[in-house]
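Engineer: Those sequence lines, one after another, are chains A and B. Each step along the first sequence adds one to the number in my numbering, with nothing skipped, and position 71 is 163. Each step along the second sequence adds one to the number in my numbering, with nothing skipped, and position 94 is 112.
Some clues are possibly wrong.
[Claimed, not checked] The calculated EDC-like cross-link candidates involving lysine to aspartate or glutamate, where the alpha carbons are at most 16 Å apart (straight line), are: (1) A:K134 / B:D26; (2) A:K175 / A:D154; (3) B:K67 / A:E192; (4) B:K125 / A:E136; (5) B:K79 / B:E38; (6) B:K67 / B:E84; (7) B:K86 / B:D72; (8) A:K134 / B:E106.
[Stated by the list, open to error] Per the computed footprint, the stretches of chain B lying under chain A, defined by three or more beta-carbons under 8 Å from a beta-carbon of chain A, are: (9) 64–70; (10) 123–129.
[To be verified] Non-contacting residues of chain B with respect to chain A, defined by C-beta distances greater than 10 Å in every case (computed): (11) P25; (12) A35; (13) L74; (14) S88; (15) W101.
The set of hints was computed from the structure by calculation and includes no laboratory data. Glycine included, C-beta positions come from ideal geometry on N, C-alpha and C.
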Amino acid sequence: EPEVTQTPSHQVTQMGQEVILRCVPISNHLYFYWYRQILGQKVEFLVSFYNNEISEKSEIFDDQFSVERPDGSNFTLKIRSTKLEDSAMYFCASLQGVYEQYFGPGTRLTVT
Amino acid sequence: AQSVTQPDIHITVSEGASLELRCNYSYGATPYLFWYVQSPGQGLQLLLKYFSGDTLVQGIKGFEAEFKRSQSSFNLRKPSVHWSDAAEYFCAVGARNSGNTPLVFGKGTRLSVIA
Chain A
93 EPEVTQTPSH
103 QVTQMGQEVI
113 LRCVPISNHL
123 YFYWYRQILG
133 QKVEFLVSFY
143 NNEISEKSEI
153 FDDQFSVERP
163 DGSNFTLKIR
173 STKLEDSAMY
183 FCASLQGVYE
193 QYFGPGTRLT
203 VT
Chain B
19 AQSVTQPDIH
29 ITVSEGASLE
39 LRCNYSYGAT
49 PYLFWYVQSP
59 GQGLQLLLKY
69 FSGDTLVQGI
79 KGFEAEFKRS
89 QSSFNLRKPS
99 VHWSDAAEYF
109 CAVGARNSGN
119 TPLVFGKGTR
129 LSVIA
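For reference, chain B alone in the conformation it holds in the complex:
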């Protein structure tokens, strides 16, 4: 069964600083990988996804993520954080054997942005 680990519960960065949120997964093959963002009281918005091909994927709001098979990681990055990026970020995996299996989410990383 798949599992996802987001080692950082809470991260605080200064506005304009770079950001990296970590995600490690456990799965017997290469899964489908996703990053979602959730603002307080809101739903889940897809930031980006990886299915195949180029291991560096670009998403919305200036985010990118890199799939590293050797490290079983899919870390999310942003070169310059904006105050509006403060939110909860969830990494999720889906089984590749069937593209419609349920997603397994990590516990999330809460991002705070300070001036």
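Chain A on its own, in the form it takes in the complex:
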């Protein structure tokens, strides 16, 4: 069964550093999403991406964040200058057209 993959599984970085989280969505899917989950809290939407542009973003997704689909397969989330409060599990999801989003296993980001 096709699945969403994410790399790395765990990223440790120092405050102020840039990080790039990578996702490979399911190949025939059209919509892509990033969510995050701070430890012990609920999953929150960050951004959605369709047709090579952002289709929707939350208030969390400020100028420090950016997304890109650099080629036909990868979907990346960049945090320009990490803060302690960016420490969280980041989930990528993809959707073929409607209804069911498929989630990746997540990347745990630890900012020290």
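Following the hints, complete the assembly by docking chain B onto the known chain A.
Structural biologist: Structure of chain B alone, referenced to chain A:
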């Protein structure tokens, strides 16, 4: 805007006992409804979903959920819990006006299973 309430933060049940996890949503119409399960340190696995039709939906691992429009609820049930069911459970809603809008999650219910 949609919202989801999971009133129970933590539930403990005995192995073999029945389980019901509550989920209430707020949305102007009937949303798409989902239950996800998350084991410690793991990703989100879809247990079941409701889009339309029969209001009682069956999912994986013996779970089922019932959509009740009058109560704006989508409670998850299992007749006999196994120790491996211990995990965090999240209810989520999606807007029906567009099937690709972001999901809104509840805060989750942590399930502990005791012998």
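Engineer: Hints first: check each against the structure and report whether it holds.
Structural biologist: Each hint tested on the structure:
1. Taken as a hint, the K134 (chain A) and D26 (chain B) pair is honoured in the structure, with Cα atoms around 13 Å apart against an allowance of 16 Å.
2. Restraint check for K175 (chain A) and D154 (chain A): the C-alpha separation of about 13 Å stays at or below 16 Å, so the hint holds.
3. In summary, the hint linking K67 (chain B) to E192 (chain A) is supported, as the alpha carbons are separated by about 8 Å, within the 16 Å threshold.
4. Taking the CA atoms of K125 (chain B) and E136 (chain A), the gap is about 10 Å. The hint holds against a cut of 16 Å.
5. Taking the CA atoms of K79 (chain B) and E38 (chain B), the gap is near 14 Å; set against the 16 Å cutoff, the hint holds.
6. Between K67 (chain B) and E84 (chain B), the direct Cα distance comes to roughly 10 Å. Compliance with the 16 Å bound is thereby established for this hinted pair.
7. Taking the CA atoms of K86 (chain B) and D72 (chain B), the gap is near 11 Å; set against the 16 Å cutoff, the hint holds.
8. Distance check on the hinted pair: K134 (chain A) and E106 (chain B) sit about 10 Å apart at the alpha-carbon level, within 16 Å; holds.
9. Note: the stretch 64–70 of chain B has 3 residues with beta-carbon separation from chain A under 8 Å; the three-residue rule is met and the coverage holds.
10. Coverage of the stretch 123–129 of chain B by chain A holds. Counting CB-CB distances below 8 Å, 4 residues qualify, and the rule asks for three or more.
11. Listed as a non-interface residue, P25 (chain B) keeps its Cβ farther than 10 Å from every Cβ of chain A; the least gap is roughly 14 Å.
12. At roughly 26 Å from the closest C-beta of chain A, the C-beta of A35 (chain B) stays outside 10 Å, upholding its exclusion from the interface.
13. Remark: the non-interface label on L74 (chain B) is consistent with the geometry, its nearest Cβ contact in chain A lying 18 Å away (cut-off 10 Å).
14. Every beta carbon of chain A lies more than 10 Å from that of S88 (chain B), the smallest distance being close to 24 Å; the non-interface claim holds.
15. The beta carbon of W101 (chain B) is kept farther than 10 Å from every beta carbon of chain A, the shortest such distance being approximately 23 Å.
The earlier numbered hints are all upheld by this structure, with none contradicted.
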